[in-house]
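J.: Listed below, chain by chain, are the residues.
Number of protein chains: 2
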Amino acid sequence: MPENKPNMLVVGSVARDTLHLPTGSHEYVLGGSAVFASLAGAFFSAPRMVGVVGTDFPDGEVALLKTRGVDVTGLEVVEGETFHWEGRYSDDLSSRNSIRTELNVFADFHPKIPEAFRDTPFVMLGNIHPDLQIEVLDQMREPKLVIADTMNFWIEGTPDRLKKMLERIDVLVINEEEARQLAGTHNIVQVADRLLEMGPRIAVIKRGEYGALLFEGDEVFSAPAYPVRRVLDPTGAGDSFAGGMLGFIAEQGKADHDTLRQAIIYGSSLASYCVEGVSVERLADVSREDVEQRYRAFASLARFDSR
Amino acid sequence: MPENKPNMLVVGSVARDTLHLPTGSHEYVLGGSAVFASLAGAFFSAPRMVGVVGTDFPDGEVALLKTRGVDVTGLEVVEGETFHWEGRYSDDLSSRNSIRTELNVFADFHPKIPEAFRDTPFVMLGNIHPDLQIEVLDQMREPKLVIADTMNFWIEGTPDRLKKMLERIDVLVINEEEARQLAGTHNIVQVADRLLEMGPRIAVIKRGEYGALLFEGDEVFSAPAYPVRRVLDPTGAGDSFAGGMLGFIAEQGKADHDTLRQAIIYGSSLASYCVEGVSVERLADVSREDVEQRYRAFASLARFDSR
Numbered sequence: 001m002p003e004n005k006p007n008m009l010v011v012g013s014v015a016r017d018t019l020h021l022p023t024g025s026h027e028y029v030l031g032g033s034a035v036f037a038s039l040a041g042a043f044f045s046a047p048r049m050v051g052v053v054g055t056d057f058p059d060g061e062v063a064l065l066k067t068r069g070v071d072v073t074g075l076e077v078v079e080g081e082t083f084h085w086e087g088r089y090s091d092d093l094s095s096r097n098s099i100r101t102e103l104n105v106f107a108d109f110h111p112k113i114p115e116a117f118r119d120t121p122f123v124m125l126g127n128i129h130p131d132l133q134i135e136v137l138d139q140m141r142e143p144k145l146v147i148a149d150t151m152n153f154w155i156e157g158t159p160d161r162l163k164k165m166l167e168r169i170d171v172l173v174i175n176e177e178e179a180r181q182l183a184g185t186h187n188i189v190q191v192a193d194r195l196l197e198m199g200p201r202i203a204v205i206k207r208g209e210y211g212a213l214l215f216e217g218d219e220v221f222s223a224p225a226y227p228v229r230r231v232l233d234p235t236g237a238g239d240s241f242a243g244g245m246l247g248f249i250a251e252q253g254k255a256d257h258d259t260l261r262q263a264i265i266y267g268s269s270l271a272s273y274c275v276e277g278v279s280v281e282r283l284a285d286v287s288r289e290d291v292e293q294r295y296r297a298f299a300s301l302a303r304f305d306s307r
Numbered sequence: 001m002p003e004n005k006p007n008m009l010v011v012g013s014v015a016r017d018t019l020h021l022p023t024g025s026h027e028y029v030l031g032g033s034a035v036f037a038s039l040a041g042a043f044f045s046a047p048r049m050v051g052v053v054g055t056d057f058p059d060g061e062v063a064l065l066k067t068r069g070v071d072v073t074g075l076e077v078v079e080g081e082t083f084h085w086e087g088r089y090s091d092d093l094s095s096r097n098s099i100r101t102e103l104n105v106f107a108d109f110h111p112k113i114p115e116a117f118r119d120t121p122f123v124m125l126g127n128i129h130p131d132l133q134i135e136v137l138d139q140m141r142e143p144k145l146v147i148a149d150t151m152n153f154w155i156e157g158t159p160d161r162l163k164k165m166l167e168r169i170d171v172l173v174i175n176e177e178e179a180r181q182l183a184g185t186h187n188i189v190q191v192a193d194r195l196l197e198m199g200p201r202i203a204v205i206k207r208g209e210y211g212a213l214l215f216e217g218d219e220v221f222s223a224p225a226y227p228v229r230r231v232l233d234p235t236g237a238g239d240s241f242a243g244g245m246l247g248f249i250a251e252q253g254k255a256d257h258d259t260l261r262q263a264i265i266y267g268s269s270l271a272s273y274c275v276e277g278v279s280v281e282r283l284a285d286v287s288r289e290d291v292e293q294r295y296r297a298f299a300s301l302a303r304f305d306s307r
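Protein sequences appear in the order of chains V and L.
Those letters in the first sequence? Residues 1 to 307, per the numbering used here, in order.
Those letters in the second sequence? Residues 1 to 307, per the numbering used here, in order.
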């Protein structure tokens, strides 16, 4: 994808995952929030990925990322082993348990943004320690749009740091359950009100197989999820969503409200492809035309005549 | 609403509910599937309601139904007490427990469709024993469209009778969890496949605050839910949805696919109003123009530019 511009930066985890799925187990496959987000963003941009791996990280994975148009010059290689997560999904894939989380080289990670990357206009802060997310922002020069993800671990463990981070971003992308936890209330409209009071001017609430909600000012957008007939592996769907969303925004070079709505449908398209394969296999296989086709399928899914 | 046609028949429970809501308790308020569905349908049709009440049923409730345009000549009054349900909702209104279910006169109910009602073209079979739903169909003369609801109680208790009923209807309207139970699988696309194999040519899966899915042939429609800022009482939302949906179909006099999509948005509009008040208070208060306004709000909620 040589025509894509290097206008998007992704910082997050780069992992090797061991997945126990109802359809079988997969050892040490490619994973991590930065990987899924970059591969999804690569349909629209040439993402600059910043993260850390150990010396065990296979050359083949690096080659795959490059082939898909991801700039890996910000991928630090440190003596030791790559972050390894092992998890088991329930038979219906609706829940999962962590079996092992071996941080390895990720334990001492501090993102170093290469000088050449510091002017990147569109920035995604994957789900890592809020202090690291802040460290990234401290190194960036006036990005046009910053989106960030977070999770219950930081909401419970480092709420004050999380709040500092929230004051400095434009878009919070967060799972519904975690949004409720962070807001301390249940009703989703009230949840959005409180999230927006915390700093970001846009909140995107991910609802898995129920789609996503976008809140910006008085505008609310409800995006459907694509009804995937055979879900193989939900790992990375949320990161693909956010990466695809930001990628489209970066390609358009703007984040007005109508562009955001479209970006959410593109993000949902990428997430729907992501879950159709194990690890990144489907994301690394589909074409831009496949993505456009799924976008049109979303339009058909959501359409109804106005009155 | 004198201009509405008597083209819709609703059979179901007529109840007096005692509700324990986070905002307070309400004793012996109007409820039942036939009541909510008829009041919702009455925005588009003059619904013919068939059900049974005891001699304790207040004249005021009958008067309310009439005022809203519901034809109550099919409402049987039997010596004894009206069906009474008492339930308690969780603090976030996401679940409820039944405290008491007193069937009373409903225990011996067999729907008698008045001769003048037997040609009604659009029929809703509320959530009652499948044998009673079949009894209704045995009395009707070639309805144009029959929609039915059901629940876990019949899926577990009378599966064979339920299957007989399903062979005779056009549209199954069912909660997502119960759809999964009935289909015996989790993936919602596969669930829909199996429901349609059981007889109905259209399946509508209700997902509460996540909206609804419509499956007809190869067409899938994902309808959003309206983000209600203050939900007071979820009781009757599903019945209002189905009644509003059928009402619109009856008004249009057709059930082609595009009309079905619109009908689902109208049903969702009625459901969203229903939960804004306790019992039927909001449904009995809003106007057709309010319903149109909410329809337009749905359009704004779901819109995104095509590519």
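If you're looking for bench data, these hints aren't it; they were derived computationally from the structure.
Because the structure is a prediction, the values reported are computed rather than measured.
The C-beta atom is built at its ideal place from N, Cα and C for all residues, glycine as well.
Accuracy of the hints is not assured; some may be wrong.
[As the list claims (entries may be wrong)] Covered by chain V, per the in silico footprint, the following chain L stretches (three or more residues, Cβ under 8 Å):
(1) 117-128
(2) 182-191
[Stated by the list, open to error] Cut-off 20 Å, straight-line C-alpha distance, at most; resulting in silico cross-link-like pairs (SDA-like, lysine to any residue):
(3) Lys254(V) <-> Arg201(L)
(4) Lys164(L) <-> Glu197(L)
(5) Lys254(V) <-> Asp305(L)
(6) Lys254(L) <-> Arg201(L)
[Said to hold, decoys possible] Cβ-Cβ distance ranges computed for the label pairs, FRET-style:
(7) Lys112(L) <-> Thr23(V): 49 to 55 Å
(8) Arg168(L) <-> His257(V): 45 to 51 Å
(9) Gly253(V) <-> Gly217(L): 36 to 42 Å
(10) His20(V) <-> Arg296(L): 43 to 49 Å
(11) Glu142(L) <-> Glu289(V): 43 to 49 Å
(12) Glu219(L) <-> Glu102(V): 44 to 50 Å
(13) Glu292(V) <-> Glu27(L): 54 to 60 Å
(14) Asp91(V) <-> His20(L): 43 to 49 Å
J.: Are the hints correct? Go through all of them and say.
T.: Going down the list of hints, with the structure as the test:
no. : hint                                : in the structure
1   : 117-128                             : violated (count 0)
2   : 182-191                             : holds (count 5)
3   : Lys254(V) <-> Arg201(L)             : 44 Å, violated
4   : Lys164(L) <-> Glu197(L)             : 13 Å, holds
5   : Lys254(V) <-> Asp305(L)             : 15 Å, holds
6   : Lys254(L) <-> Arg201(L)             : 15 Å, holds
7   : Lys112(L) <-> Thr23(V): 49 to 55 Å  : 53 Å, holds
8   : Arg168(L) <-> His257(V): 45 to 51 Å : 47 Å, holds
9   : Gly253(V) <-> Gly217(L): 36 to 42 Å : 41 Å, holds
10  : His20(V) <-> Arg296(L): 43 to 49 Å  : 47 Å, holds
11  : Glu142(L) <-> Glu289(V): 43 to 49 Å : 48 Å, holds
12  : Glu219(L) <-> Glu102(V): 44 to 50 Å : 47 Å, holds
13  : Glu292(V) <-> Glu27(L): 54 to 60 Å  : 57 Å, holds
14  : Asp91(V) <-> His20(L): 43 to 49 Å   : 35 Å, violated
The structure does not agree with the numbered hints 1, 3, 14 stated previously, though it agrees with the rest.
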